[in-house]
Every structure is written in structure tokens, then in C-alpha cells.
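**Student:** Sequence:
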Amino acid sequence: MIFFLIFFGTFLIMECVTWLTHKYVMHGSMWYFHADHHQPKYANVFERNDVFFVIFAIPSIALFYFGVEGGLNYLFFIGLGIMFYGFCYFMIHDVLIHQRFKWFKHTNNKYLIGLRKAHKVHHKHLGKEHGECFGMLFVPFKYYKI
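Residue numbers for the sequence shown follow numbering that gives the first Met the number 0, beginning at 0 and rising by one.
In short, the hints are calculated from the structure, not lab data. Hints are supplied without guarantee of correctness; some may be wrong.
[As the list claims (entries may be wrong)] Quick list of in silico lysine-lysine cross-link-like pairs, BS3-like style, CA-CA up to 25 Å:
#1 K127 / K40
#2 K127 / K109
#3 K104 / K119
#4 K123 / K104
#5 K104 / K127
#6 K116 / K101
#7 K141 / K127
#8 K101 / K40
#9 K101 / K123
#10 K104 / K40
#11 K141 / K22
#12 K123 / K109
#13 K119 / K109
#14 K104 / K116
#15 K40 / K119
#16 K119 / K22
#17 K127 / K116
#18 K141 / K116
#19 K22 / K127
#20 K104 / K141
[Stated by the list, open to error] Cβ-Cβ distance ranges computed for the label pairs, FRET-style:
#21 N72 / I112: 17 to 25 Å
#22 T106 / Y73: 32 to 40 Å
#23 K141 / G70: 46 to 54 Å
#24 E14 / H36: 14 to 22 Å
#25 E68 / I12: 20 to 28 Å
Quick reminder that beta carbons are idealized off the backbone N, C-alpha and C, glycines included.
Hey, can you work out the whole structure from these sequences and the hints?
**Tutor:** Now the structure itself:
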């Protein structure tokens with residue numbers, strides 16, 4: 000039970016980490032990597048912005064390694080929470096919202112429509128200033144109204 004709580008708590012904390020990273024790092028000192036993501040059309044299959052998947056994967060991989068060394072411990076479940084959040088982020092952001100992969104084209108789910116609306120509001124700003132809606136899985140309730 001404690002390992003599940005560690006996993007689930009890490010998953011929830013990752014939304015806060017993502018929000019802070021998105022607002023202050025991606026729209027701050029690492030804007031160079033994130034800027035192409037705010038352009039209306041992607042020139043390539045990959046974006047410079049994809050470097051953030053690698054940046055978030057490194058601690059997860061390290062936690063997996065140290066979490067199984069000498070027997071399964073809490074570090075493994077922290078890494079699992081980070082990895083599962085990354086998977087959900089990928090499915091929502093890259094698949095559902097940006098349609099980089101054409102797996103789920105249509106949905107009537109109010110939650111998923113709300114996520115799309117909030118992300119569209121975020122992308123109306125092509126520069127790094129004046130951003131809003133930096134979260135991914137939890138966005139303001141006003142976007143869930145249809």
C-alpha cells in the first residue's frame with residue numbers, strides 16, 4: 000500500500016513540477032527549445048521541444064536503477080510515478096491535443112475537450128510572454144463548460 004501511495008503521490012506532484020517547469024523554464028531560460036512548439040506548423044517530425052521528454056526521463060531511469068539495486072525500494076515507485084505521468088502527458092499532449100499521431104481524432108469527453116480548450120488558450124501566445132494554462136492534466140474548471 001505504501002508503494003502505491005508513493006507512486007500516486009509522485010504522479011500528482013509531477014503535475015506541479017510540470018506546471019512550474021513549463022512556466023519558468025520552458026517559457027524562461029530554455030525558451031530556445033520550446034519556441035518551435037508554439038509555431039502553428041511543425042517543420043519536422045521532431046521538435047526541439049522534444050528534448051524535455053529526455054530531460055524528464057533521465058531522473059525516472061536513474062530512480063528505476065537505484066530502486067531495484069539491492070531489492071525493490073521506494074525509489075523505484077517514484078520513478079514509476081514519473082514515467083506514468085510522462086506517458087499520460089504524451090498521450091494527452093502529443094496524441095490527443097496536437098495530433099502528432101492520429102490515434103484519437105474525435106472525443107466527446109468533457110474532460111478531454113476541456114484540456115484541448117485550455118491548451119489552445121496557451122498556444123494563442125506565440126512568444127514566451129503572456130502565457131496562461133501551463134498545466135497539462137489539471138486545468139481551470141472554466142474550460143470544461145461546453
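**Student:** Checking against the hints above, which ones are violated?
**Tutor:** 2, 5 and 21
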